[in-house]
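Same order as they appear, the protein sequences are chains R and Z. Quick note: the first sequence uses this note's numbering, first residue 1, plus one each step. Quick note: the second sequence uses this note's numbering, first residue 1, plus one each step.
Simulated from the structure, these hints should not be mistaken for lab results. There may be inaccurate statements among the hints.
As the list claims (entries may be wrong) - Once the Cα atoms are required to be at most 35 Å apart in a straight line, the calculated DSBU-like pairs of lysine-lysine come out as:
{"#": "1", "chain 1": "R", "residue 1": "K91", "chain 2": "Z", "residue 2": "K292"}
{"#": "2", "chain 1": "R", "residue 1": "K151", "chain 2": "Z", "residue 2": "K98"}
{"#": "3", "chain 1": "Z", "residue 1": "K52", "chain 2": "R", "residue 2": "K292"}
{"#": "4", "chain 1": "R", "residue 1": "K278", "chain 2": "Z", "residue 2": "K220"}
{"#": "5", "chain 1": "R", "residue 1": "K98", "chain 2": "Z", "residue 2": "K205"}
{"#": "6", "chain 1": "Z", "residue 1": "K318", "chain 2": "Z", "residue 2": "K91"}
{"#": "7", "chain 1": "R", "residue 1": "K91", "chain 2": "Z", "residue 2": "K278"}
{"#": "8", "chain 1": "Z", "residue 1": "K91", "chain 2": "Z", "residue 2": "K52"}
{"#": "9", "chain 1": "Z", "residue 1": "K52", "chain 2": "R", "residue 2": "K299"}
{"#": "10", "chain 1": "R", "residue 1": "K151", "chain 2": "R", "residue 2": "K299"}
{"#": "11", "chain 1": "Z", "residue 1": "K299", "chain 2": "Z", "residue 2": "K52"}
{"#": "12", "chain 1": "Z", "residue 1": "K299", "chain 2": "Z", "residue 2": "K151"}
{"#": "13", "chain 1": "R", "residue 1": "K151", "chain 2": "Z", "residue 2": "K205"}
{"#": "14", "chain 1": "Z", "residue 1": "K205", "chain 2": "Z", "residue 2": "K220"}
{"#": "15", "chain 1": "Z", "residue 1": "K151", "chain 2": "R", "residue 2": "K151"}
{"#": "16", "chain 1": "Z", "residue 1": "K151", "chain 2": "Z", "residue 2": "K318"}
{"#": "17", "chain 1": "Z", "residue 1": "K292", "chain 2": "R", "residue 2": "K318"}
{"#": "18", "chain 1": "Z", "residue 1": "K151", "chain 2": "R", "residue 2": "K292"}
{"#": "19", "chain 1": "R", "residue 1": "K52", "chain 2": "R", "residue 2": "K278"}
{"#": "20", "chain 1": "R", "residue 1": "K151", "chain 2": "Z", "residue 2": "K292"}
{"#": "21", "chain 1": "R", "residue 1": "K318", "chain 2": "R", "residue 2": "K292"}
{"#": "22", "chain 1": "Z", "residue 1": "K52", "chain 2": "Z", "residue 2": "K205"}
{"#": "23", "chain 1": "R", "residue 1": "K292", "chain 2": "Z", "residue 2": "K205"}
{"#": "24", "chain 1": "R", "residue 1": "K292", "chain 2": "R", "residue 2": "K268"}
{"#": "25", "chain 1": "Z", "residue 1": "K299", "chain 2": "R", "residue 2": "K151"}
{"#": "26", "chain 1": "Z", "residue 1": "K278", "chain 2": "R", "residue 2": "K151"}
{"#": "27", "chain 1": "R", "residue 1": "K91", "chain 2": "R", "residue 2": "K220"}
{"#": "28", "chain 1": "Z", "residue 1": "K318", "chain 2": "Z", "residue 2": "K268"}
{"#": "29", "chain 1": "R", "residue 1": "K318", "chain 2": "Z", "residue 2": "K278"}
{"#": "30", "chain 1": "Z", "residue 1": "K205", "chain 2": "R", "residue 2": "K278"}
{"#": "31", "chain 1": "R", "residue 1": "K278", "chain 2": "R", "residue 2": "K205"}
{"#": "32", "chain 1": "Z", "residue 1": "K268", "chain 2": "Z", "residue 2": "K205"}
{"#": "33", "chain 1": "Z", "residue 1": "K151", "chain 2": "R", "residue 2": "K318"}
{"#": "34", "chain 1": "R", "residue 1": "K292", "chain 2": "Z", "residue 2": "K220"}
{"#": "35", "chain 1": "R", "residue 1": "K318", "chain 2": "R", "residue 2": "K91"}
{"#": "36", "chain 1": "R", "residue 1": "K98", "chain 2": "Z", "residue 2": "K91"}
{"#": "37", "chain 1": "R", "residue 1": "K151", "chain 2": "R", "residue 2": "K205"}
{"#": "38", "chain 1": "Z", "residue 1": "K278", "chain 2": "R", "residue 2": "K278"}
Each chain, letter by letter, is given below.
Protein chains: 2
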Amino acid sequence: MTEIVVGIDIGGTNTVIGLVNRSGECIVESTISTQNHANLNTFIEAISNRIKALHHQIGIDNYVLQGIGIGAPNGSFNLGAIVDAPNLDWKGSLPICKLITAHTNLPSVVTNDANAAALGEMLFGGAQGMTDFIVITLGTGLGSGIVSNGKLVIGHDGFAGELGHTVAEINGRICGCGNRGCLETYASATGIKRTVFMLLAQSNKASSLRSVSFEGLTSKMVTEAAIQGDSIALDSFEYTGKILGTKLADVVTLFSPEAIFFFGGVAKAGNFIIEPTKRYMEEFMFPVFRNKVQLLPSKLDGNAAVIGAAALIWQEIK
Amino acid sequence: MTEIVVGIDIGGTNTVIGLVNRSGECIVESTISTQNHANLNTFIEAISNRIKALHHQIGIDNYVLQGIGIGAPNGSFNLGAIVDAPNLDWKGSLPICKLITAHTNLPSVVTNDANAAALGEMLFGGAQGMTDFIVITLGTGLGSGIVSNGKLVIGHDGFAGELGHTVAEINGRICGCGNRGCLETYASATGIKRTVFMLLAQSNKASSLRSVSFEGLTSKMVTEAAIQGDSIALDSFEYTGKILGTKLADVVTLFSPEAIFFFGGVAKAGNFIIEPTKRYMEEFMFPVFRNKVQLLPSKLDGNAAVIGAAALIWQEIK
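Turn these sequences into a full structure, and let the hints guide you.
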């Protein structure tokens with residue numbers, strides 16, 4: 001009998017469920033819709049049924065399930081709940097661990113998706129052997145998982161590590177959280193779009209991006225324009241890198257990490273975003289830390305969120 | 001035989017040496033000059049001799065020394081050294097733990113003074129029972145000791161937790177560290193002086209502070225002027241509180257502490273500085289944290305730095 005755990009990545013649109021072994025290999029995975037469930041209970045039931053189906057698929061006589069790790073936006077480790085997630089159908093505090101354990105008889109834990117990615121990086125990715133590092137997920141928003149002294153920084157209420165909601169500019173861009181000027185309104189796929197449109201408005205430079213609507217624009221299109229030498233696209237990465245680099249300088253001065261890993265869609269822009277980010281980070285950071293911190297791509301593959309959630313429960317039951 | 005440890009607070013001018021019991025009580029203490037020693041070795045010798053004298057004073061038959069904790073600017077726990085401290089006579093990396101252990105045959109550890117204060121607060125002060133909190137020392141500069149998951153955040157090189165050197169204003173005031181716009185150039189005794197002089201230059205308001213030179217001005221004088229209703233003094237605390245509060249909002253969003261403790265000379269300005277700091281902190285922090293974080297005065301008495309250094313070695317040898 002091989003021991004195995006369940007890793008679940010709950011997103012606004014889809015929920016991915018995978019069975020992951022002690023080496024961090026996702027043996028089998030499956031996706032269900034997060035939307036169009038009658039209520040939270042039927043959603044949990046759908047997850048539980050899919051777990052059982054996957055377990056049967058790989059053989060219940062060969063594998064024994066040990067627990068369930070869940071990564072979700074606004075997941076609180078301390079509460080075992082998802083609290084006021086902006087992109088889920090159910091509001092308030094959702095006691096997801098209690099519900100899923102009741103359905104499956106397996107221990108379960110939840111944390112936010114970026115924290116799960118950080119644990120995945122530590123147990124199975126590029127941060128193996130590191131005690132102090134940070135994982136930044138650059139997607140629609142900016143998530144962060146911070147590890148200090150070998151443990152996730154979750155704070156006294158379980159919600160710490162929200163780099164995306166530190167203040168990049170006082171009275172700056174409106175953020176979905178209700179504040180203004182949050183880092184993720186600049187350094188994220190949405191943030192880069194906003195920057196492109198700001199630069200298109202401010203300058204007279206020719207740009208292939210002038211023919212695209214705000215809704216039509218993707219960060220991938222900005223990267224492709226940058227590859228063609230489009231100066232609005234290049235300027236938008238420079239602008240983003242300055243803001244992200246300045247905030248990373250603060251983060252390094254506070255946490256002194258060995259490395260910062262980047263994961264997610266925008267991270268695929270590679271050096272267009274990493275080079276200016278590193279340049280400004282080095283310029284603004286406390287001199288004692290200069291040229292010591294590596295900015296690296298995540299070493300987890302496409303299943304990172306599921307593997308990270310699995311890492312969370314492996315760590316709990318070990 | 002009662003077990004006892006040595007707590008040492010090395011400052012630029014004076015070094016305070018105290019013998020501290022398991023309850024955090026400083027039984028006896030003594031001060032030597034940090035300056036005018038022929039070399040580092042004679043300084044260490046002077047410390048060792050004073051430890052022996054204090055031990056004899058309380059009775060070597062009644063008390064047994066267990067170890068030595070040292071708090072010092074730029075003290076590195078990992079290296080057991082003081083590295084490039086700006087206000088000490090000796091430059092480079094000073095292997096203080098190795099030297100003092102060689103002289104005394106006692107185990108020794110070093111950390112920076114604000115980290116020591118945080119440990120003191122945790123073991124013997126207002127942070128007893130807390131796993132996530134921050135201590136900010138407001139003096140000539142701004143020091144910080146950050147505790148997450150019950151452990152000091154020191155980072156992978158031992159130098160983390162330097163809130164005073166996060167960037168409060170890009171291209172802002174020149175800092176002693178070589179950067180510009182560091183938080184401590186605004187939120188500290190020196191920072192408040194600089195703010196008073198900036199406001200005296202910018203406004204035409206009458207102020208008792210117009211008769212004082214930069215060198216003659218102290219933060220205590222600014223507090224006394226504020227008590228008299230001096231509007232430059234009041235404005236300077238408002239300005240300082242806005243900058244400090246904004247940065248604390250970031251710190252809360254990253255660490256989610258249960259409380260932030262203030263210690264040191266400027267903290268004595270009390271609500272003149274705490275009220276605007278809290279107001280702006282609440283305004284700019286990630287909404288999920290609002291009205292949850294206490295700003296409190298340190299509960300350690302005048303010996304805080306010595307007691308904190310003692311807490312450090314008690315924690316190591318327990």
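Here is what the structure says about each hint:
1. Straight-line distance between C-alpha atoms of R/K91 and Z/K292 comes to about 21 Å, which keeps the hinted pair within the 35 Å bound.
2. Using a Cα cut-off of 35 Å, the hinted pair R/K151 and Z/K98 holds, with the two alpha carbons roughly 29 Å apart.
3. Under the criterion of a C-alpha separation no larger than 35 Å, the hint pairing Z/K52 with R/K292 is inconsistent with the structure, at around 41 Å.
4. Restraint check: the Cα-Cα separation between R/K278 and Z/K220 comes to about 41 Å, which exceeds 35 Å; the hinted pair is violated.
5. Proximity of R/K98 to Z/K205 is assessed by CA-CA distance (about 62 Å); at most 35 Å being required, the pair is judged violated.
6. Annotation: proposed proximity of Z/K318 to Z/K91 holds, straight-line Cα distance about 33 Å (limit 35 Å).
7. Under the criterion of a C-alpha separation no larger than 35 Å, the hint pairing R/K91 with Z/K278 is consistent with the structure, at around 29 Å.
8. At roughly 27 Å between alpha-carbon atoms, Z/K91 and Z/K52 fall within 35 Å of each other, so this suggested pair holds.
9. For the hint linking Z/K52 to R/K299, the alpha-carbon distance of about 55 Å lies beyond 35 Å, and the restraint is violated.
10. With a CA separation close to 19 Å, the supplied pair R/K151 and R/K299 stays within the 35 Å bound.
11. Restraint check for Z/K299 and Z/K52: the C-alpha separation of about 30 Å stays at or below 35 Å, so the hint holds.
12. Using a Cα cut-off of 35 Å, the hinted pair Z/K299 and Z/K151 holds, with the two alpha carbons roughly 19 Å apart.
13. Our distance criterion of 35 Å between C-alpha atoms is broken by R/K151 and Z/K205, whose separation comes to about 52 Å.
14. Distance hint between Z/K205 and Z/K220 is fulfilled; the C-alpha atoms sit about 20 Å from each other, no more than 35 Å.
15. For the proposed pair Z/K151 and R/K151, the alpha carbon gap of about 10 Å is at most 35 Å, so the pair holds.
16. Annotation: proposed proximity of Z/K151 to Z/K318 holds, straight-line Cα distance about 15 Å (limit 35 Å).
17. A hinted pair counts as satisfied when its Cα atoms are at most 35 Å apart, and Z/K292 with R/K318 qualifies at roughly 33 Å.
18. As the CA atoms of Z/K151 and R/K292 are separated by approximately 23 Å, the hinted pair is consistent with the 35 Å bound.
19. Restraint check for R/K52 and R/K278: not satisfied, since their Cα atoms lie roughly 46 Å apart, outside the 35 Å limit.
20. Note on R/K151 and Z/K292: the hinted pairing holds, with a Cα-Cα distance of about 23 Å set against a maximum of 35 Å.
21. Between R/K318 and R/K292, the direct Cα distance comes to roughly 32 Å. Compliance with the 35 Å bound is thereby established for this hinted pair.
22. At roughly 57 Å between alpha-carbon atoms, Z/K52 and Z/K205 are farther apart than 35 Å, so this suggested pair is violated.
23. Straight-line distance between C-alpha atoms of R/K292 and Z/K205 comes to about 48 Å, which puts the hinted pair past the 35 Å bound.
24. Using a Cα cut-off of 35 Å, the hinted pair R/K292 and R/K268 holds, with the two alpha carbons roughly 23 Å apart.
25. Taking the CA atoms of Z/K299 and R/K151, the gap is about 28 Å. The hint holds against a cut of 35 Å.
26. Taken as a hint, the Z/K278 and R/K151 pair is honoured in the structure, with Cα atoms around 29 Å apart against an allowance of 35 Å.
27. Distance hint between R/K91 and R/K220 is fulfilled; the C-alpha atoms sit about 32 Å from each other, no more than 35 Å.
28. This hinted pair checks out: Z/K318 and Z/K268 have alpha carbons roughly 34 Å apart, not beyond 35 Å.
29. Taking the CA atoms of R/K318 and Z/K278, the gap is about 41 Å. The hint is violated against a cut of 35 Å.
30. Taking the CA atoms of Z/K205 and R/K278, the gap is about 44 Å. The hint is violated against a cut of 35 Å.
31. Annotation: proposed proximity of R/K278 to R/K205 holds, straight-line Cα distance about 26 Å (limit 35 Å).
32. With a C-alpha separation of about 25 Å, the suggested pair Z/K268 and Z/K205 falls inside the 35 Å cut-off, and the hint holds.
33. For a cut-off of 35 Å, the pair hint linking Z/K151 to R/K318 stands: about 21 Å separates their Cα positions.
34. Proximity of R/K292 to Z/K220 is assessed by CA-CA distance (about 40 Å); at most 35 Å being required, the pair is judged violated.
35. Of the pairs offered as hints, the one joining R/K318 and R/K91 holds, with about 33 Å between alpha carbons and a cut-off of 35 Å not exceeded.
36. Under the criterion of a C-alpha separation no larger than 35 Å, the hint pairing R/K98 with Z/K91 is inconsistent with the structure, at around 57 Å.
37. For the given pair, R/K151 sits about 48 Å from R/K205 by alpha-carbon distance, which is inconsistent with the 35 Å threshold.
38. Taking the CA atoms of Z/K278 and R/K278, the gap is about 33 Å. The hint holds against a cut of 35 Å.
Checked against the numbered hints above, the structure breaks hints 3, 4, 5, 9, 13, 19, 22, 23, 29, 30, 34, 36 and 37 and satisfies the rest.
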